[in-house]
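Engineer: Each chain is listed here by its residues.
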Amino acid sequence: MKALVWHGKEDIRCDTVSDPKIEDPRDAIVKVTSCAICGSDLHLFHNYIPAMMPGDVMGHEMMGEVVEVGSGVNGHLRKGERIVVPFTIICGECDQCKRGNFSVCERSNRKKNLAEKVFGHATAGLFGYTHLTGGYPGGQAEYLRVPFADATHIKVPDSLTDEQALFLGDIFPTGWQAAVQCDIEPTDTVAVWGCGPVGQMAIRSAILLGAEQVIAIDCISERLGMAEAGGAITINFMEESVIERLSELTGGKGPEKCIDAIGMEAHVSPSQPDTVLDRAKQMMLLENDRPHVLREMIYVCRPGGTISIPGVYSGLADKIPLGQLMNKGLTIRTGQTHVNRWTDDLVRRIEEGQIDPSFVITHTVSLEQGPEMYKVFRDKQDNCIKVVLKP
Amino acid sequence: MTYLTNITRSEGDPKVVRSGPSSLASSDRLARGLGWFSLGLGLFELLAPHKITRALGMEGKEGLVRAYGAREISSGVLCLTAEKNVGLWSRVGGDAVDIATLMPAMREDNPKRDNVALALAAVAGITLLDIAGAEAATVRHKRSPGNRQQYRDRSGFPKGLQASRGAAKEFQAPRSSAALRARSSAKAA
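Protein sequences, first through last, are from chains A and B. Under our numbering, the first sequence has 233 at position 233, and the numbering climbs by one with no breaks. Under our numbering, the second sequence has 453 at position 62, and the numbering climbs by one with no breaks.
Please keep in mind that the hints were generated in silico from the structure rather than gathered at the bench. There could be a bad hint or two in this list.
[Stated by the list, open to error] No more than 20 Å apart at the CA atoms, straight line, and that leaves these computed lysine to any residue pairs for SDA-like:
1. Lys281(A) with Glu474(B)
2. Lys319(A) with Asp274(A)
3. Lys550(B) with Ser358(A)
4. Lys281(A) with Leu316(A)
5. Lys380(A) with Glu526(B)
6. Lys281(A) with Pro270(A)
7. Lys2(A) with Leu415(B)
8. Lys112(A) with Ala51(A)
9. Lys442(B) with Thr396(B)
10. Lys21(A) with Thr396(B)
11. Lys375(A) with Leu415(B)
12. Lys281(A) with Pro50(A)
13. Lys281(A) with Ser465(B)
14. Lys380(A) with Leu224(A)
15. Lys98(A) with Ala564(B)
[As the list claims (entries may be wrong)] What the simulated footprint calls covered on chain B by chain A, stretch by stretch (three residues with Cβ under 8 Å from a Cβ of chain A suffice, anywhere in the stretch; the number is not a length):
16. 392-404
17. 541-551
18. 558-564
For glycine and all other residues, C-beta sits at the position ideal for the given N, C-alpha and C.
Construct all of the structure, not just a fragment, from the sequences and the given hints.
Structural biologist: Spelled out as structure tokens, the structure:
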């Protein structure tokens with residue numbers, strides 16, 4: 001079969017690989033009908049997150065048709081069923097899964113020893129996202145083996161198209177969780193840093209959850225345009241001061257809720273000198289992440305407010321203003337998305353027409369065009385915001 | 392390399408059989424090559440400046456050669472990152488500085504004048520390669536200034552923006568899977 005394979009930094013290839021096979025009775029094989037390139041795939045593209053190996057299949061946003069099930073799937077999933085595969089692999093039985101903390105499933109990471117050394121405790125297995133999270137092949141491929149398939153799936157109603165359902169596996173619940181973690185109240189201003197796909201979903205989620213005002217911060221005009229269409233007031237940080245503008249929009253009090261949909265790769269610009277220093281340290285392997293957004297959020301957030309971080313951070317970050325964080329009494333909530341905790345509800349909301357996540361798709365191409373689209377997406381060329389691949 | 396890593400994969404995982412087209416363009420590979428060259432040259436300049444100054448008849452300038460070595464290393468590191476165009480243009484700037492430093496050594500009384508001429512020719516050749524690489528990398532990774540779509544028709548709310556404000560404010564986060572299941576069953580009933 002064809003698959004997008006990681007060969008090294010900025011080197012993704014559309015390779016011919018062997019077909020996946022069932023290994024465990026709880027496995028299933030899915031014929032992928034749609035998959036997408038996620039912003040967090042770019043961290044792997046840039047080799048910022050350790051423990052990728054040449055030959056790893058990329059991708060953690062995918063859906064398709066079940067073509068084979070193991071004997072242990074026990075009727076939870078049948079051949080021919082259409083499913084979205086959540087990016088977090090879950091056993092559905094461990095203590096964490098029972099609590100709904102699916103992204104920290106205790107059993108699905110098959111390289112637990114490695115993860116425990118790095119994180120202290122292992123987190124869930126993830127598709128196509130390094131050997132720290134199990135080294136599971138991803139879904140930017142024609143076929144995908146889904147471990148623990150009896151629990152790791154979201155059934156798709158016939159009424160939904162692939163484009164409407166695909167993002168249930170990651171970016172929609174990620175944006176939703178980011179907003180839910182803010183405990184939004186009707187008088188709240190929610191500021192969202194980053195108008196990439198997760199930022200766009202977080203903006204819409206905050207609107208649905210009833211925020212009084214949503215403010216979107218980015219420097220890419222097409223992303224800001226899309227954010228505005230979703231109901232946000234926009235700030236282009238290359239043209240105006242984020243701190244001054246946020247102060248102006250909140251009567252000098254600052255936003256109550258702040259969402260970091262950027263993560264470890266903040267835009268590097270001399271107008272934000274800390275980003276230049278972070279980038280230099282990153283190159284010298286003295287720091288993993290560029291936490292400019294986190295610093296700015298802690299500074300501008302209203303005392304007693306909440307900071308929600310769906311953006312991916314990989315390791316160590318410097319100069320986090322803990323004094324401001326502590327003295328302002330801010331709450332930080334973060335984590336990989338507990339996808340299945342939200343999806344029943346989100347499927348219903350899509351079916352009822354509250355939201356149609358397909359709005360974010362700007363490019364639909366074949367799998368063979370995938371390697372080039374990584375570059376187009378990374379360089380934000382051709383007005384690209386979200387790429388869907390059709391194997 | 393993939394043939395080696397294939398050995399470590401489990402039986403049911405896909406293994407690379409044949410490699411296809413890559414996201415790396417020739418300009419990216421050129422930047423990578425020049426980056427490694429910069430690192431090698433920089434290390435040599437840092438560790439053995441005497442050999443260079445002796446070969447060029449520029450004894451006494453070892454400190455300067457070391458500084459150029461540090462400059463080469465930083466350019467090399469940049470060429471190997473996503474900001475390769477910055478690294479390549481910094482190499483072009485470095486080439487100009489190298490030429491300006493070598494020119495005075497072409498004086499008649501320098502017994503190593505021939506070596507200097509050779510070095511100048513080499514730097515000139517590398518400069519051309521650096522300029523070509525920097526231009527190609529800039530073009531490949533630049534956001535074209537053309538039409539910007541604003542996507543102002545993409546609200547994502549089929550019922551319209553106003554009708555969607557607060558449409559989910561009844562939502563209460565489930566505390567556990569058990570609560571989640573209970574809620575789903577209640578809805579189904």
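Engineer: Run every hint past the structure and note whether it holds.
Structural biologist: Hint by hint, here is what the structure shows:
no.	hint	result
1	Lys281(A) with Glu474(B)	holds (14 Å)
2	Lys319(A) with Asp274(A)	holds (9 Å)
3	Lys550(B) with Ser358(A)	holds (14 Å)
4	Lys281(A) with Leu316(A)	holds (11 Å)
5	Lys380(A) with Glu526(B)	holds (19 Å)
6	Lys281(A) with Pro270(A)	holds (15 Å)
7	Lys2(A) with Leu415(B)	holds (18 Å)
8	Lys112(A) with Ala51(A)	holds (13 Å)
9	Lys442(B) with Thr396(B)	violated (42 Å)
10	Lys21(A) with Thr396(B)	holds (18 Å)
11	Lys375(A) with Leu415(B)	holds (9 Å)
12	Lys281(A) with Pro50(A)	holds (16 Å)
13	Lys281(A) with Ser465(B)	holds (12 Å)
14	Lys380(A) with Leu224(A)	holds (13 Å)
15	Lys98(A) with Ala564(B)	holds (15 Å)
16	392-404	holds (count 10)
17	541-551	holds (count 10)
18	558-564	holds (count 5)
Checked against the numbered hints given earlier, this structure breaks only hint 9.
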